[in-house]
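Letter by letter, the chains look like this.
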Amino acid sequence: DVKVTQSSRYLVKRTGEKVFLECVQDMDHENMFWYRQDPGLGLRLIYFSYDVKMKEKGDIPEGYSVSREKKERFSLILESASTNQTSMYLCASSLLGQGSTGELFFGEGSRLTVL
Amino acid sequence: GESVGLHLPTLSVQEGDNSIINCAYSNSASDYFIWYKQESGKGPQFIIDIRSNMDKRQGQRVTVLLNKTVKHLSLQIAATQPGDSAVYFCAENKPHPNAGGTSYGKLTFGQGTILTVHP
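Residue numbers (the working numbering), protein chains in the order written: chain A, 3 to 117; chain B, 95 to 213.
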């Protein structure tokens, strides 16, 4: 089975702290994504990457950056956490290329609270 | 359909009834659609998908209908069970030119619908 693992299920940070959210997938997928999920707003795409060292902004990239140094790992970075970044963060991966379905495989989520 | 603001649409059904969850998508260029189920405390899980050259696809107890004319997607669950209680999201795929040419790009999700199944 595809497994997408997010390193932390729950984090509590203070305003201004730097936060790293780590995600690892074991299916050799090219595409990786970071979404945030807030009540009533669904899942909103922050950043995605379709190859190592490649990244593209999603719909809400402000206040975030990402790193994809290895194919299996995609990190989300909050350089200076703010209270409006309190949210559930979901990492996902998918196959690239003709014949792939585009189906996203999600991790269990990381719930971040910024005080 | 999808709501605006903090309140998700909700659907309450009795066990054994059929459920229909609706979704309006935004982009006429979207070529692929997926329904996801998210149980409390878990990440979304794939239920069923459909490509834009189809108007219906059936799985086990689930059927997805696509109406491109009005940009509407629906998920039908037959003989709904308490284990089907969850938040259901539709998602549309817009082809991304840098992600393999004509292959699939990023998904855009709807706001979700809460399904509650009463025993």
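Since the hints were made in silico from the structure, they are not lab data.
Just so you know, even glycine gets a beta-carbon here, dropped at the ideal spot from N, CA and C.
One or more hints might be untrue.
[What the hints assert, rightly or not] No more than 25 Å apart at the CA atoms, straight line, and that leaves these computed lysine-lysine pairs for PhoX-like:
(1) 136/B / 55/A
(2) 5/A / 131/B
(3) 57/A / 150/B
(4) 73/A / 188/B
(5) 15/A / 131/B
[Stated by the list, open to error] Facing chain A, according to a computed beta carbon distance under 7 Å, are these residues of chain B, among others:
(6) 123
(7) 137
(8) 138
(9) 140
(10) 153
(11) 155
(12) 201
(13) 203
(14) 205
Status of each hint after checking the structure:
With a CA separation close to 29 Å, the supplied pair residue 136/B and residue 55/A exceeds the 25 Å bound. Taking the CA atoms of residue 5/A and residue 131/B, the gap is about 17 Å. The hint holds against a cut of 25 Å. Of the pairs offered as hints, the one joining residue 57/A and residue 150/B is violated, with about 34 Å between alpha carbons and a cut-off of 25 Å exceeded. Between the alpha carbons of residue 73/A and residue 188/B the distance comes to roughly 23 Å, so the proposed pair stays at or under 25 Å and holds.
In summary, the hint linking residue 15/A to residue 131/B is not supported, as the alpha carbons are separated by about 29 Å, beyond the 25 Å threshold. Annotation: residue 123/B was flagged as interfacial toward chain A, and the flag is violated, the nearest CB pair being 14 Å apart, outside 7 Å. Here the hint on residue 137/B is kept, as its CB sits about 3 Å from the closest CB of chain A, short of 7 Å. The restraint placing residue 138/B at the interface with chain A holds, with a minimum CB-CB distance near 5 Å, inside the 7 Å limit.
At a threshold of 7 Å, the smallest CB-CB gap from residue 140/B to chain A is about 5 Å, leaving the interface hint in force. Hint status for residue 153/B: violated, given a least beta-carbon distance of 13 Å to chain A, over 7 Å. A hinted interface residue such as residue 155/B counts as satisfied when its beta carbon comes closer than 7 Å to some beta carbon of chain A; here the least separation is about 19 Å, so the hint is violated. Restraint check, residue 201/B versus chain A: the minimum CB separation of about 6 Å is within 7 Å; hint holds.
For residue 203/B, the shortest C-beta to C-beta distance to chain A is roughly 4 Å, which falls under 7 Å, so the interface hint holds. Residue-level restraint check for residue 205/B holds (minimum Cβ-Cβ distance to chain A is 4 Å; threshold 7 Å).
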